[in-house]
Structure formats: structure tokens, C-alpha cells
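Engineer: Each chain, written out:
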Amino acid sequence: MKKLSQLTDFYYETLYPSLKELEKQRTQLKHRLIVLGIIYTTVFIFLYFVLAPAVSSSWDLLSVLVFIYLTIGAIGYKYLIKDYASEFKIKIIAPLIDAIDKNLSYTPTTHVPEHLFRKSELFTSSIDRLSGNDYVRGKIDDVNIQFSDIHAQQRVRNSKGKDEWKTLFEGLFIVAEFNKNFYGKTVVLPDMAQNRFGNLLGSWLQSNNFTRDTLVKMDNNAFEKEFVVYGSDQIEARYILSHSLMKRLLVFKNKAKKPVYISFIGNHIHIAIDYSKDLFEPSVFHSLLEYKVAMDYVETLHLSLGVVEELKLNQKLWKNHKKNTKLE
Amino acid sequence: MSTPLIVLIVVVLVLVWMYNSLVSKKNQVTNIFASVDTLLKKRYNLIPNLVASVSKYMEHEKSLLQEVTKLRSDANRAHISDEQKIALDAKVSSALGSIMIAVENYPELKANENVMHLQHSLNEIEEQISAARRAYNQAVTDYNNAIEMIPTNFMASAMNYKPKEVFEIQESERKNVNVKELFS
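These protein sequence lines are chains V and P, in that order. FYI, the numbering used here numbers position 132 of the first sequence as 132, with every residue one higher than the one before it. FYI, the numbering used here numbers position 57 of the second sequence as 1057, with every residue one higher than the one before it.
Because the hints were derived from the structure by calculation, they are not lab data. Note that the Cβ used here is the ideal one computed from N, Cα and C, for glycine as well. Be a bit skeptical, because a hint or two may be false.
As the list claims (entries may be wrong) - Per label pair, the in silico range of CB-to-CB distance:
hint, chain 1, residue 1, chain 2, residue 2, range
1, V, Thr-214, P, Pro-1151, 17 to 27 Å
2, P, Thr-1069, V, Asn-221, 36 to 46 Å
3, V, Tyr-183, P, Asp-1142, 18 to 28 Å
Based on the provided sequences and hints, a complete structural model is requested.
Structural biologist: Here is the structure:
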């Protein structure tokens, strides 16, 4: 696989003509958005002052208007940037993925199948709505891998008795074949309890988590500090999480700089990185040529497809090649 | 309800909890050791096949092969204690490691499909044993902590629970397995 620096070069050199063209579109779009935004806002302020004398509670009016303002605004914004966004994905993201590996396919509008996300058991709350985009799948070093943006939500009832959508997870979801055969389930989650409540109370809370299998205490202090492991089989969890894999997962987590959820189920590794935002979306208010903006795209792609190399999933020493299960 | 009665109920509940927690920790150790034992047996069963495949070529390592055969028969004796099994496992691991290194000196052996297959099986089982040892060590640590820490230590001494030994994890196991070397 190409190095990060090679990909950055590719972005700035090969993609430069497309970037310049898109930049033109982007500046025009930005101006249009600002002008429309100002008009739109003025209309609402005007509406408020017109309607305010007619209603008894100006607070109620304000909250209703703000709600309508944000909803229509968000829909309008999405509509206005639609063409630019799809062009950006075709001209920038697709070639970048192609540059990483020719065998990868990219569909901007779909996501990793919902059943795979549910099968990963990374989130135990009920998932009532799932959406996503930027679906990449293919083989890297003979290892099946796929990933996409995922937004999983749960329907909850708020204190006023109204239904609300609560985000369970928003970020990158990666599924890849694992290089060892196993039968049980092992789940590795960010260690929140021990960080929040300290070692003693934290580990007591962890060992009494009824939504999970039994707690597996790992013999790597740095890993234990970052993660908590639950597994259906104490030995198998350690067979999967060898000392070297624990070290590699730590390196991976540090590279991602975000909370990382990992599970090993059905001979596959599932990784969810909580970015709390939709990735691979074009920047509208910052130049696409800005280093930080560019690195956001390049780094995220490199990180997700680099999983195979980073975690050495391509070293199938112990696995019977004939038994390889195919990703559905 | 009178206060002494409540205190008595609480004391009994705490005692029951301590007793149950100690028993469950002891059982966890026993259960995991049973798995370790199964895996060790699986590895011992590979030894005769390995010795048979390599002995034709390995003239200089005869003593090593004899040693590993002897260790296997020791391990197969009936009624050996867990401590003895742990000690034997360490010796077998190091003897098998030496044989595998010696194989590198014999090109005919390295190319032999049977030996290659055995090598893979041994590596696989070695990984599983390593995982089982780590699981066992964790279970023993939890158990030892419980019988040495207040307040469960009083209950443990009344139940005559003794600290148990852990497997020593060899430094080589902490290193990454170099696949290239194994295949070359």
C-alpha cells in the first residue's frame, strides 16, 4: 500500500487540475451561500418582528421560528451543495481510493450493510435508524475489507414525552477478515469507567456490565488503560489479542486520535472510529488546497485501508486458506 | 425488625458473598487449567510424529530428540500435579524451540511438506497454549489476590485455600512472530 506521503503528493500533484476546478466552484458556492444566508436570516428576523406583537409569548414564537429556521436552513444547505459534493466525491475521493489500491470499489451513496453493523455487537442499545455513505470495499493483500460512514441512531422519549433521535455512533465503520479462526465473541471498548471512576470502582463496574459477556483482564497495562475487553471465552480472547496485536491496536488508536470500538465475531474484525461527524464531505468554507483540509481526507482513507497492514491481517499463517470465509 | 437481627443478616450475607466469590475464583482456575491441560496434551501428541520426521536427518541433535521424547512420557504419567505439569510445559517449550531452530540447518527438512505441516501445527498450538497460559495466570492472580487480601483472606484461611503458582511467560513469547523467517 502507498505511504501517507505518497498519497499527499498524489493529492497535490495528480489531482491538482481537478482541485483547481473545484476550487472555482467552491468560491462561487461560498459567495452564493453567504448571500442567500444573509437574505434568509433577514427574512426570519423580519418575520419575528411582524409576528411578535400578535402572539402572547414571544419566547414561544422565537423557539418555533428558530426551529423552522434551522430545519429549512439545513435542508437548503444540503440542496445547494449537492452538485458540488457529488463532483468532489467523483473527482477527488474516488481517484484517491483508486490510487491506494486498484481493486477497491467506491460507491458514494451507500454504506456497509446494516446487518454487518448489527452483527458487530459494538453497540448494545437498540439501533432504530441507520444511515451512511461513502462505501468502499475490496481486497488489500488478499484480505477482504470494507468500510463506510455510518450514523446509527436510537429513538428515545424525552422528558416532555416526545420522541427524539439520539446518536449512538457516527463515524467510520470498518469490517475486515481476521487472520485467525475463532468461534466466540470478543469485544474491545474504550475504557470509560476506569478513567472516570478510578481503577477500583471502575473495574468493579466493568465486571458487572450485564449487557456484555464476562470481563477479560488483559496483561498489558497500557492496553488495559485504554480499553476494556469482554469475551465469551477467556482463552480465545487472549488467543485473538496476542501481545503484538494489543501493541498494534494501541498504535492504531493513537493514530485515529478518536474513541475506537473493536469486535472479533465470526472470523472478522469490526472497527468503529467515533469521529462524531460525516467524513469525506467537501469543505465549503475552507480551501480544498489547505493542508489541514487535504490531510483530513488523505489521513482518514490511509488509516482505514491501512488496517490490513497495521494489524498484520495479511499474515495468514495459522489460518487455513481454503476455509476463508467471504465477506457478504 | 430489631437492629441486631439486621446486623446478623448483613454479616451472613457478606460471609456468603465472600465464600461464593472464593469458590468461583478457585473454580475458574480449575476450569482454565483443564483447557491448558487439553492444549498441552494436543501438543504432546504432535511430538512422536515430529521426532519420527526429523530423526533421520538430525544426527547431531539426537540428545535433544531423546530429551523431548522423555519429557513427553513424563507428562503422560498418571497423577502428576499441576505444578509438575507447569514445570514440564516450560521444558517442552524450550526443547521444541531448539528443535525448530535446528531444523533451519537442514534444507531437506525445511522443504519437507510433512515437517512444514508439523511446524504450522506446532505454531498454531503454541499460540493457543500461550493464550491459555495468560488466561490461567490471570485467573490465578485473581484467586491469589482474593486469598491474600482483607477481608477474604480470613475466609480463605478457614477454607484452607493455598496460593497457586503461575506460568512463567517466556520473553520470546512477547516478541512478534516473524512470519518471513518461518516461511523462508
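Engineer: Look at each hint and say if it fits the structure.
Structural biologist: Now for the hints, and whether the structure bears them out:
1. Distance hint check for V:Thr-214 and P:Pro-1151: the Cβ-Cβ separation is about 24 Å, which falls inside the suggested range of 17 to 27 Å.
2. The supplied range of 36 to 46 Å is met by P:Thr-1069 and V:Asn-221, whose beta-carbon atoms lie about 40 Å from each other.
3. Roughly 24 Å separates the CB atoms of V:Tyr-183 and P:Asp-1142, a value that falls within the hinted 18 to 28 Å.
Hint violations for this structure: none, all hints satisfied.
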